[in-house]
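Make the full structure from the sequences, and use the hints.
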Amino acid sequence: MTSKGTSTAKHRAGRFFEDFRLGQVIRHGTPRTITDGDAAVYTALTGSRHVTHSSAVVARELGFESRPIDDLLLFNMAFGKTVPDISLNAIANLGYAEARFLNPVFAGNTLHCESVVIGLRENSNGRSGIVYVRSTCYREDSHAVLSWVRWVMVHKAVHKTAQKTAHAADSTTSARDQHVPDLLDHIAPNLLVACARLLSAEALENLREATGSADVWDDYAIGERIDHPSGATIEEAEHMMATRLYQNNARPHFDALAMQHTPTGRRLVYGGHTMSVCRSLAYDGLENVLGVLAINGGTHVAPTVGGDTLYAYSEVLDKWKLPGRADVGALRLRLVGLKNLAPTEVPGARTRHEDGTTGWHPAVVLDLDYTVAMPRRPNGRTRAE
Amino acid sequence: MTSKGTSTAKHRAGRFFEDFRLGQVIRHGTPRTITDGDAAVYTALTGSRHVTHSSAVVARELGFESRPIDDLLLFNMAFGKTVPDISLNAIANLGYAEARFLNPVFAGNTLHCESVVIGLRENSNGRSGIVYVRSTCYREDSHAVLSWVRWVMVHKAVHKTAQKTAHAADSTTSARDQHVPDLLDHIAPNLLVACARLLSAEALENLREATGSADVWDDYAIGERIDHPSGATIEEAEHMMATRLYQNNARPHFDALAMQHTPTGRRLVYGGHTMSVCRSLAYDGLENVLGVLAINGGTHVAPTVGGDTLYAYSEVLDKWKLPGRADVGALRLRLVGLKNLAPTEVPGARTRHEDGTTGWHPAVVLDLDYTVAMPRRPNGRTRAE
Amino acid sequence: MTSKGTSTAKHRAGRFFEDFRLGQVIRHGTPRTITDGDAAVYTALTGSRHVTHSSAVVARELGFESRPIDDLLLFNMAFGKTVPDISLNAIANLGYAEARFLNPVFAGNTLHCESVVIGLRENSNGRSGIVYVRSTCYREDSHAVLSWVRWVMVHKAVHKTAQKTAHAADSTTSARDQHVPDLLDHIAPNLLVACARLLSAEALENLREATGSADVWDDYAIGERIDHPSGATIEEAEHMMATRLYQNNARPHFDALAMQHTPTGRRLVYGGHTMSVCRSLAYDGLENVLGVLAINGGTHVAPTVGGDTLYAYSEVLDKWKLPGRADVGALRLRLVGLKNLAPTEVPGARTRHEDGTTGWHPAVVLDLDYTVAMPRRPNGRTRAE
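Protein chains in written order, with this note's numbering: chain A, 1 to 385; chain B, 386 to 770; chain C, 771 to 1155.
Think of the hints as simulated: they come from the structure by calculation, not from any bench. Built from N, CA and C at the ideal position, the CB exists for glycine as well. Hints are supplied without guarantee of correctness; some may be wrong.
As the list claims (entries may be wrong) - Have a look at the derived ranges for each label pair, beta carbon to beta carbon:
hint	chain 1	residue 1	chain 2	residue 2	range
1	B	Thr647	C	Arg967	39 to 49 Å
2	B	Thr647	A	Arg27	26 to 36 Å
3	A	Arg27	C	Ala914	49 to 59 Å
As the list claims (entries may be wrong) - Reference listing, derived: stretches of chain A covered by chain B, where coverage requires no fewer than 3 residues with Cβ under 8 Å from a Cβ of chain B:
hint	segment
4	30 to 44
5	239 to 250
6	257 to 271
What the hints assert, rightly or not - Straight-line Cα separation of at most 30 Å, BS3-like style, residue types lysine-lysine; simulated pairs:
hint	chain 1	residue 1	chain 2	residue 2
7	B	Lys395	C	Lys780
8	A	Lys319	C	Lys780
9	B	Lys706	A	Lys10
Here it is as structure tokens:
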């Protein structure tokens, strides 16, 4: 385009399926300096109580220079950067995988993100396709702090008559562009970055006192389930404030009028807010978590809307020692978020329906598979109580 | 009053029309240290995404010592200081003019304000009058950061029986006190303060990458209209939190019970919150705005209440080069805020009614005339895309 | 318990009456670094305008190193730490006494709390008992910043069948454990810590200008009543955000579904939020308060729920000179919080009912007896006006 000084096309329509190419690198806008203010708003909106993020004194005892920003605040902040370029025209956010927390983020750091298109698959109806991207979030010092894969179903522009001409040449993604990436079932223990330095026995005792819980890595058994006792009713003002805090401008969360014409008829709670609230509910019973190491996979099973009450239970999927670390181990957890039904009423996330098929229990809204770091009991010591 | 140690009149009733005098200087209370916390709450409540305020890295590249506080956060914070002295008894906020942003404000600055009465006009009904004030907001280092004119319709105290005696001597404003000030149609380009240093071509490219938009000053044409795509439904909790953040204690925003006896029957959204939300909606299409230079005029056409969905469109009213600056130009914009109707349904802010008269389109709530700074394309370069 | 590496009891049920022992010391979890972000969220949720907390410039003139954190933000933050250990199974929070503000807290301080059980009394029904604790909040430098007594009615575990076995041996608190502590009617003037340095006449004038009010200690008379003019309607999102900001996880504030089966059928507003909102309403008429010195007693008379509109009036109960301070005096105030009725409609907090008995006026929700510091007029000077 020549520099003729005039443009009449300042509508920001977002990318359609044809606008993505395998290997394409997209640098996302709106870099963000994250502050103690963001952390305070996050606490007020989600009820986060994990001590690593709550106390600078504890954080320094764990080897951090200061309180690291809450993992899911970071995740949501980074995710928000990618929305205008990846999912503004998304029909659905289909899943997450391979999220790794690589370095801590502190108040004052400035974050920016970029994504690479790692998979494309056109749907057989010809109207939409699935886009897979690997996104990476960086600090201003160029250290990567978080990377993750997500895939979304996106409209094809050609399906929108008004924009037919502009995109006509691109209306079919060529066969060689079709690619579904192989994704890891989970991040292997040798790839996990335990974010604290070696814990002394004294630091461990201080941590237990700070959390009020004696339970450490050794006290959790594979297969164990923890029903978290609290519930949280979600207000419209809360989920919108959270989503705006992340500068995530996806429209279904904000415009009640436009949403009247959708199946729910309502604004939808941003799935990342549901994740944050459920993880805060999951504090009780998992107090000594030091931080999230990975998100192995995640599915937003059903929408949440204002007025819903969220509950959560956790299952221990696996537990690993970490290479070179006698002080800290990894727990692979499944966090199941429920709406309007307490965990005690939900035997499992999957259930057999009346017609004999198996599917999601109707109360499930979130199924998150993630890995956390937790201190191990020093050798030969018995559990303090 | 002698020092007798007792007072029984601690009711803070605010000033009535008779309490104002031409030339009177009023120093406003509640100085405020503005922080990163205020900026975070503002982002959560309004969805602000302008990169100058979002990223300390970008702000420093633009020549600021750090992220300047969002212009409208500053405006609302300063405005809030003046409410207890100017508009606690206001019947209506009639308009703004001549607002100039003179110096940036950073987290840690402490703001205080004073006002001069520059106009008074008693209404013919003898019950109220219009007060014009020029208010100035200062940093703790005595630099002015913002000045503006507003005019409000204020009750006369004499009209209130209970307070008749105290104000009897003042019940009529003397004729020589009547004065309607001449106000500028707009702040002329030579009075605009472009708040960033000279931009290098590299800084401009970094900015465009940070915003994700290539459009700069040269790409906007006088008369161009931009329909911003998003809408925002306003919750009661949100507008009250914003108004309290500004320490604005005007009662119509907070007391649902008392407001039952007013025409709307509802709490009213503070007009400054409507401005902030509409400006955040106007980000899409105006991404490379560096900051607000002036508010030439503004009218709150109709009230907004909780549950309304706001939309916005912008018109380019004028564009100017700035004296001595080849890197940055000024755009004079009209921001039209709408409630419960998308911009595509609103041909213009003014409309011809069925009875042949012309008036506001019924969806319009805000008509704001303001001037922003935007980078110019370096000579001879074509638009990057 | 031996270290067998597995636990299936990670339900955090909180303490029951039998779990408390006279003299027992409980160290509370979740230490918290308090920040400017917390202060900003507090301002947005409560409308706090006290200048000591609002302006770093004024705070430094008063001898503080920076803006101290708002007294009731500190109180609520500290209180929140004690909830999981003291009142998670509380039937009712019965009262406060002997709260003393001992040292200021600034952004960056990290707070932690501990409690001592100072009283136990089993109820005659054998199902519950009253627990009295003295709690103390410390900064990271081990200086105590706040101590207070509260008493709560707590369920006995034995009353819960499922937990009968574990607690059987403890099912009756032994007679010698029964003890009701003597509590002070109020904190005596010689125990009050005035938190500002000696005020010069110039600092006093600057303070008056900063607050916009000339009224100081000398201007308040014992018995004087101040009806505060503003009202504040409480939204569900607001009280939940405030309570989460304090990391107070008491369930009645958050879970609308579970609360359907309670007498109110609704989420309850955390009493500390009601206190904070009422104190913010009480700013008008008490502008020159420098800080809270003590809370002598407090009762949450009736629950507040979302949608209620709060009002407040204050009474001057007493006034004292402070030992060694000619510049600052103490006012003992009664803050009466009302719901859905303006103070002008409420002759007194106590009222004679139709049946001849005396009780609370039905609009009263809060009756708080507290002591504040306020500047005194310099000797011989008359009131500036």
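Cross-check of the supplied hints:
1. B:Thr647 with C:Arg967: 39 to 49 Å: Cβ of threonine 647 of chain B to Cβ of arginine 967 of chain C: about 47 Å, so the range 39 to 49 Å holds.
2. B:Thr647 with A:Arg27: 26 to 36 Å: The hinted range 26 to 36 Å is violated for threonine 647 of chain B and arginine 27 of chain A, with Cβ atoms some 50 Å apart.
3. A:Arg27 with C:Ala914: 49 to 59 Å: Cβ of arginine 27 of chain A to Cβ of alanine 914 of chain C: about 51 Å, so the range 49 to 59 Å holds.
4. 30 to 44: holds (count 10)
5. 239 to 250: holds (count 7)
6. 257 to 271: Per the Cβ count (3), the hint holds.
7. B:Lys395 with C:Lys780: Between lysine 395 of chain B and lysine 780 of chain C the Cα gap is close to 55 Å, so the pair fails against 30 Å, i.e. violated.
8. A:Lys319 with C:Lys780: holds, 17 Å
9. B:Lys706 with A:Lys10: holds, 22 Å
When the structure is compared with the earlier hints, violations turn up for hints 2, 7 and for no others.
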